[in-house]
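Student: In this note's numbering, the protein residues as written are 1 to 395.
Treat the hints with caution; some may be incorrect.
To be verified - Quick list of the computed label-pair ranges, beta carbon to beta carbon:
{"#": "1", "residue 1": "Glu143", "residue 2": "Asp88", "range": "33 to 41 Å"}
{"#": "2", "residue 1": "Thr65", "residue 2": "Thr340", "range": "43 to 51 Å"}
{"#": "3", "residue 1": "Tyr9", "residue 2": "Ala166", "range": "46 to 54 Å"}
{"#": "4", "residue 1": "Arg259", "residue 2": "Arg305", "range": "53 to 61 Å"}
As the list claims (entries may be wrong) - Calculated cross-link-like contacts (lysine-lysine; reagent style DSSO-like; alpha-carbon spacing at most 27 Å):
{"#": "5", "residue 1": "Lys147", "residue 2": "Lys105"}
{"#": "6", "residue 1": "Lys147", "residue 2": "Lys334"}
{"#": "7", "residue 1": "Lys105", "residue 2": "Lys61"}
{"#": "8", "residue 1": "Lys334", "residue 2": "Lys174"}
What the hints contain is simulated information worked out from the structure, not anything from laboratory work. From the three backbone atoms N, C-alpha and C, an ideal C-beta is built for every residue, glycine too.
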Amino acid sequence: MISAVMPTYARADIVFERGEGAYLFDSAGRRYLDFSSGVAVTAFGHAHPRLVEALTGQARKVWHTSNLFRVAGQERVAARLIGASFADTVFFCNSGAEAWECGVKVIRRHFHDSDQPERYRIITCGGGFHGRTLAAISAANQEKLVKGFGPLLDGFDQVPFGDLDALRAAVTSKTAAICIEPIQGEGGIHVAPAGYLRAVRAIADEHGLLLFYDEIQTGIGRTGTLFAHQREGAMPDVMCLAKGLGGGFPVGACLATERAAAAMTAGSHGSTFGGNPLAMAVADAVLDLVLAPGFLDGVAALGERFGALLESLVARHPSVFADARGVGLMRGLKCRPPNTMVIDALRREGLLAVGASDNVVRLLPPLIIADAQVQEALAVLDRVAAVLAGGEAAS
Numbered sequence: 001m002i003s004a005v006m007p008t009y010a011r012a013d014i015v016f017e018r019g020e021g022a023y024l025f026d027s028a029g030r031r032y033l034d035f036s037s038g039v040a041v042t043a044f045g046h047a048h049p050r051l052v053e054a055l056t057g058q059a060r061k062v063w064h065t066s067n068l069f070r071v072a073g074q075e076r077v078a079a080r081l082i083g084a085s086f087a088d089t090v091f092f093c094n095s096g097a098e099a100w101e102c103g104v105k106v107i108r109r110h111f112h113d114s115d116q117p118e119r120y121r122i123i124t125c126g127g128g129f130h131g132r133t134l135a136a137i138s139a140a141n142q143e144k145l146v147k148g149f150g151p152l153l154d155g156f157d158q159v160p161f162g163d164l165d166a167l168r169a170a171v172t173s174k175t176a177a178i179c180i181e182p183i184q185g186e187g188g189i190h191v192a193p194a195g196y197l198r199a200v201r202a203i204a205d206e207h208g209l210l211l212f213y214d215e216i217q218t219g220i221g222r223t224g225t226l227f228a229h230q231r232e233g234a235m236p237d238v239m240c241l242a243k244g245l246g247g248g249f250p251v252g253a254c255l256a257t258e259r260a261a262a263a264m265t266a267g268s269h270g271s272t273f274g275g276n277p278l279a280m281a282v283a284d285a286v287l288d289l290v291l292a293p294g295f296l297d298g299v300a301a302l303g304e305r306f307g308a309l310l311e312s313l314v315a316r317h318p319s320v321f322a323d324a325r326g327v328g329l330m331r332g333l334k335c336r337p338p339n340t341m342v343i344d345a346l347r348r349e350g351l352l353a354v355g356a357s358d359n360v361v362r363l364l365p366p367l368i369i370a371d372a373q374v375q376e377a378l379a380v381l382d383r384v385a386a387v388l389a390g391g392e393a394a395s
């Protein structure tokens, strides 16, 4: 008999009752150090007082009015995102997949209203992940995502991530845009090669294409800059955000330049719940935290130390870990045993991590962690690696 909750996840048999900062506590009272952050979502940990205050304060006022009326929080958060980015306009929704789909619609509408309706195809990268909608899995075109859901939607051409020659060769008279994750998260923490984003920007400009970044996982400080592409200075025309933007509250956003989004007029897109007052209150508080003076510098510095410690871990346990990857507090360990085995062993030792493709364990701690918690995580990783390598378990 099918379970009451549709069984689309292989869930661990743990129920978390509360959280505090970087820690979660299960129904038996056991404490876990959370280096999964709900898959890069709870960027400021659990029960952050500023976010709790923002949500509960707004909940006492108004939850929902619909987008048939102005929402003051949308105007405020949009202005802040615009002021900190390349963008001129923002559409708010509820999830990363919705934000990505909005970006696709912006691109298609742009060329339709530019009298080039034949230009609708988008070049995507192998190993990419943009969500679970039919369009998003069509763009990713991975067997594990698309099996049983055909026929796929047309309009996407895939090239290897980081391969500029293949990208150039894929551009045709029907190409409208290039879609890239600056760092592939679900794909295995693959970081775009140095200079790649600038070169892609140049290819887009040469052929009159729009450049579309998926920063659903990398955005809002995860890599030590507000957006990952800012490390290289190659600005997009369209960008989607979610995850960390709400610090755990569902919110997504599609950012665009005026040129790209000029055709997105009244009636062209919508969302019943998108940008509701609760979501905007939390997103505004998240921006207060992430844009506070010195905060991102601290994330970048701690991320560098974390990366160096992971490199040392790999050197100590070469039979368990093949390499360490990532930027800032978006890190991965490529495993030699199945990554599921490593994740289960870490959880038994009180450390939460999350899997990715390419047999990688993702380490995505809250951006508020301290050096002591990094050291705590490394101690668990060391113990687990010693056991998996056949060494003696720590007492």
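Student: Give a verdict on every hint.
Tutor: Verification of the hints:
For the pair Glu143 and Asp88, the supplied restraint of 33 to 41 Å holds, since their beta-carbon distance comes to about 39 Å. Distance hint for Thr65 and Thr340: a CB-CB separation of about 44 Å, consistent with the stated range 43 to 51 Å. Look at Tyr9 against Ala166: about 34 Å separates their beta carbons, and that is not inside 46 to 54 Å. For Arg259 paired with Arg305, a C-beta distance near 41 Å fails the hint of 53 to 61 Å.
Distance restraint check for Lys147 and Lys105: the Cα-Cα separation of roughly 25 Å lies within the 27 Å cut-off, and the hinted pair is therefore satisfied. Using a Cα cut-off of 27 Å, the hinted pair Lys147 and Lys334 holds, with the two alpha carbons roughly 26 Å apart. For the hint pairing Lys105 with Lys61, the CA-to-CA distance comes to about 33 Å; that exceeds 27 Å, so the pair is violated. Restraint check: the Cα-Cα separation between Lys334 and Lys174 comes to about 38 Å, which exceeds 27 Å; the hinted pair is violated.
Checked against the numbered hints listed earlier, the structure breaks hints 3, 4, 7 and 8; every other hint is satisfied.
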